[in-house]
Amino acid sequence: MENQQGVLLESGTNELEIVEFGIGSNRFGINVIKVKEILNPQPITHIPHSHPSVEGIIEIRGDVVPVVDTAHALGLDPSAHPAQNKFILAEFNQMKIVFHVHTVTQIHRISWEQMEKPDKMYQGLETKITGIVKMEGGMLLLLDFEKVAADISPESSITKEQLRNLGERERSEKKIMVVEDSSLLRALLQETLEEAGYHQTVVFEDGKEALDHLKQLVGEGKSVEEEYQLVITDIEMPQIDGHHLTKIIKESEELTALPVIIFSSLITNDLRHKGEKVGADAQVSKPEILELVKWIDHYIL
Numbered sequence: 001m002e003n004q005q006g007v008l009l010e011s012g013t014n015e016l017e018i019v020e021f022g023i024g025s026n027r028f029g030i031n032v033i034k035v036k037e038i039l040n041p042q043p044i045t046h047i048p049h050s051h052p053s054v055e056g057i058i059e060i061r062g063d064v065v066p067v068v069d070t071a072h073a074l075g076l077d078p079s080a081h082p083a084q085n086k087f088i089l090a091e092f093n094q095m096k097i098v099f100h101v102h103t104v105t106q107i108h109r110i111s112w113e114q115m116e117k118p119d120k121m122y123q124g125l126e127t128k129i130t131g132i133v134k135m136e137g138g139m140l141l142l143l144d145f146e147k148v149a150a151d152i153s154p155e156s157s158i159t160k161e162q163l164r165n166l167g168e169r170e171r172s173e174k175k176i177m178v179v180e181d182s183s184l185l186r187a188l189l190q191e192t193l194e195e196a197g198y199h200q201t202v203v204f205e206d207g208k209e210a211l212d213h214l215k216q217l218v219g220e221g222k223s224v225e226e227e228y229q230l231v232i233t234d235i236e237m238p239q240i241d242g243h244h245l246t247k248i249i250k251e252s253e254e255l256t257a258l259p260v261i262i263f264s265s266l267i268t269n270d271l272r273h274k275g276e277k278v279g280a281d282a283q284v285s286k287p288e289i290l291e292l293v294k295w296i297d298h299y300i301l
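For what it's worth, UniProt numbering labels the leading residue of the sequence shown as 1, then goes sequentially.
Careful: at least some of the hints might be erroneous.
[Unchecked claim] Only pairs whose alpha carbons sit at most 20 Å apart, straight line, appear in this in silico SDA-like list of lysine to any residue:
#	residue 1	residue 2
1	147	188
2	147	157
3	117	15
4	160	291
5	222	191
6	160	64
7	294	186
8	174	282
9	250	273
10	36	50
11	147	174
12	175	117
13	175	191
14	96	155
15	160	59
16	36	76
17	160	202
18	250	223
Because the hints were derived from the structure by calculation, they are not lab data.
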C-alpha cells in the first residue's frame, strides 16, 4: 500500500480512491490517502482497563500503535474466520491507528459526485458513516474513522480547552463559512470558534452546498467578500471535496479574494502540496483548533 501513495490523484479533480474492506457481510471503505499499509494480523500486547474497542498495541517499525477492533466499535459480530483477518494501518489527525478488519478486497476509484450523504431518516445522531457509494452487488459505506477515534479517545478531537492559551477574546462580527460533512465536527467547530470570539459562522454540509450558495450570491449581484470574510473547508466530503471547492473558488474572478483555510485530518507533510496546488491560503490538521484560530486571526482581524 506504500506504493499506492506514489500514484495519488491530481489535486482538485474531485476524485478519490477507496480501499474496500469487510466486517462480516458489510462492505466499508477508507480513503486510500489515510492508508499507510495493510498487514496480516500479528500478536497484540493487551493493555489492562483500556477502552473495550481497543484490543491492545503492536509495534510497527519502531512505532507503538493501538489496535482497534473495528467490528466491536461498530457494534457488529466478531470475525468468523480470524485467521483471514487484516490490519489496516491508518494515519490521520497526526496519529497512527491500526484498524482490525475481517477482509480487504480491492481499491475503487470514484468521483465524490458518486458519494451520497446518509439520509437523516436512517443516519442517527451517532452515525459513523459519512457517505454511501452504490456499487455492483450492493452498497459501500465510507466509514467516519475520525468519529470512531473520537468515541474511543475524545481528546483526539476538537476541544475548547485547546484555546485556553489565547486568553480573553473579543467578539468578532466577521462572518465565516464552515464547510464540513460531519455533524459532530460542525457542532464542535461552531462551539470552539464562538469561544474564540467568532460567533458569526454559517455551516454547510458539503462543497456542493457551499458552492451553490456562493454562486447564488454572485447571481444576485451581491459582493461575496461582504457576505463572508473567510472559508474553512474539510477535504473529504460528498458531491464536491474540499480541494475541488478551493480550486473553483480560487479560479473564479468573483470568489478568488475569499481566503480559504483547509482544515482536515489529511494535512500531512506528504499531502500538503495538494492544498498548495489548488491555492489554499492555509492548511491546518485536525484537531489543531488553536492553529486554526491563529490563521483566522491572520486573515480577517
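Hints versus structure:
1. 147 to 188: Given that 20 Å is the threshold and the Cα spacing comes to 12 Å, the pair holds.
2. 147 to 157: The given pair, whose Cα atoms are some 8 Å apart, holds under the 20 Å limit.
3. 117 to 15: Within the cut-off at roughly 16 Å; holds.
4. 160 to 291: Status holds; Cα separation ~13 Å.
5. 222 to 191: 28 Å, violated
6. 160 to 64: 28 Å, violated
7. 294 to 186: 19 Å, holds
8. 174 to 282: Judged against 20 Å, a Cα distance of about 18 Å means the pair holds.
9. 250 to 273: With a Cα-Cα distance of about 16 Å, the restraint between residue 250 and residue 273 holds, given a limit of 20 Å.
10. 36 to 50: 25 Å, violated
11. 147 to 174: With a Cα-Cα distance of about 29 Å, the restraint between residue 147 and residue 174 is violated, given a limit of 20 Å.
12. 175 to 117: At roughly 26 Å apart (the allowed maximum being 20 Å), residue 117 and residue 175 break the hint.
13. 175 to 191: 15 Å, holds
14. 96 to 155: Given that 20 Å is the threshold and the Cα spacing comes to 15 Å, the pair holds.
15. 160 to 59: 32 Å, violated
16. 36 to 76: Violated - the C-alpha atoms of residue 76 and residue 36 are around 25 Å apart, more than 20 Å.
17. 160 to 202: 19 Å, holds
18. 250 to 223: 16 Å, holds
When each numbered hint is compared with the structure, violations occur for hints 5, 6, 10, 11, 12, 15, 16.
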